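Asks: The chain contents come next:
Number of protein chains: 2
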Amino acid sequence: MEKLKQLIRSEGIVISDQILKVDSFLNHQIDPVLMYEIGETFASMYRDQGITKILTIESSGIAPAIMTGLVLKVPVVFARKQAPTTLGQAFFQSEIFSYTKKKTVPLMVSTRFLTSQDVVLIVDDFLANGEAARGMVDLVKQAGSTLAGLGIVIEKSFQLGGKMLRNKGLRVDSLVRIESLENGEILFHDEE
Amino acid sequence: MEKLKQLIRSEGIVISDQILKVDSFLNHQIDPVLMYEIGETFASMYRDQGITKILTIESSGIAPAIMTGLVLKVPVVFARKQAPTTLGQAFFQSEIFSYTKKKTVPLMVSTRFLTSQDVVLIVDDFLANGEAARGMVDLVKQAGSTLAGLGIVIEKSFQLGGKMLRNKGLRVDSLVRIESLENGEILFHDEE
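Chains as they are written, first to last, in the working numbering: chain A, 1 to 192; chain B, 1 to 192.
There's no promise every hint is true.
Heads up, the list lumps identical chains together, so a pair's fine if it works in one copy or across two of them.
[Stated by the list, open to error] Derived SDA-like pairs (lysine to any residue); straight-line CA-CA distance at most 20 Å:
#1 K3 to E179
#2 K21 to E182
#3 K21 to F188
#4 K81 to T104
Because the hints were derived from the structure by calculation, they are not lab data.
Everything numeric in this text was worked out from a predicted model, so none of it was measured.
With the rest of the complex left out, here is chain A (with noise of 0.2 Å):
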């Protein structure tokens, strides 16, 4: 998606060989039509595969999730981190490593709200070491939903994230892919 990479290219920043810093339009200041965009690029993608629900993980999935929810005219569920006081007592939950928080941390979707009727279409912001993306795929399989696939907004590929979904035989969409953000360079995975 080259306007998403252009974007990367003038307001991205490196922070480290590791993180790169794109809150001025992904996850901290969003940039609505670029996600409108987003969303319909996931849903060109996977508009013939009946995907009955989008599945994202809060907080910065919800934008690319909600827009591809818009254009395919179907519910979007977000897994929670944190229980709120109406989650009641049937979850499904899994457990994933928070690189922030450096702990485990929880993520719940009512069972209310995945089932072995839906067709999940996983939507997230960044991929990096597929922690995110691995409790979500877990939710799906408690629900014995059908997994259709994970739309990515930005893939690091250079964690390994990617490559355990992609050898579990899952489908990965990443609209961007970087391959390395080495001496505070941003290189893009067909740059190579």
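Given chain A, work out where chain B should sit, using these hints.
Replies: For chain B alone, kept in the frame of chain A given last:
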């Protein structure tokens, strides 16, 4: 907003006389088409106010906020309750009491995304005691931005947040106002 009221009537669950569960379309599973209509409604209310930015708070505020931003074609900023590794050192910070966590939590926005040039519309899913709203109003004030008003999806008007904000002279537009949840019944403001 009649459609929203009907959804609350048909799908809302009264957990207690303080808590209404609307997690099938607003804050766990989300109906993106409804969110778009909510965005159109807020956008039409503030169309002539010169809004340059939407401010919300993670996580459930993001969906209605991003749709409002999409219709008005302005960026959306969501305040963080937990500092991500990419936040940096320069941010506005307020403190709010979280009724879910039963403790005071911080609320942060990077100084890059709220400035004295901004005219801000705050959007959130619920207004109850007004803690989140008060924190966001404080962030807008710290930034020297102009606050145009607050767009709220559901106001529980038997709690004090709406009164507190209006007493400060702030413009508050709630799509639905709930007067009471007593005896397991949802009483809307215009049904008194």
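Asks: Give a verdict on every hint.
Replies: Checked hints:
In the homo-oligomer, the alpha carbons of K3 and E179 lie at most 20 Å apart inside one protomer (18 Å), although the nearest pairing across protomers, at 47 Å, exceeds that limit. Proximity of K21 and E182 under a CA criterion of 20 Å is satisfied intra-copy only: 14 Å inside one chain copy versus 47 Å between copies. For the identical chains of this complex, K21 and F188 are intra-copy neighbours only, at 15 Å inside a copy versus 44 Å across copies, given an alpha-carbon limit of 20 Å. Taking the shortest alpha-carbon separations for K81 and T104, both the intra-copy value of 10 Å and the inter-copy value of 18 Å come in at or below 20 Å.
Violated hints are absent here; each numbered hint is respected by the structure.
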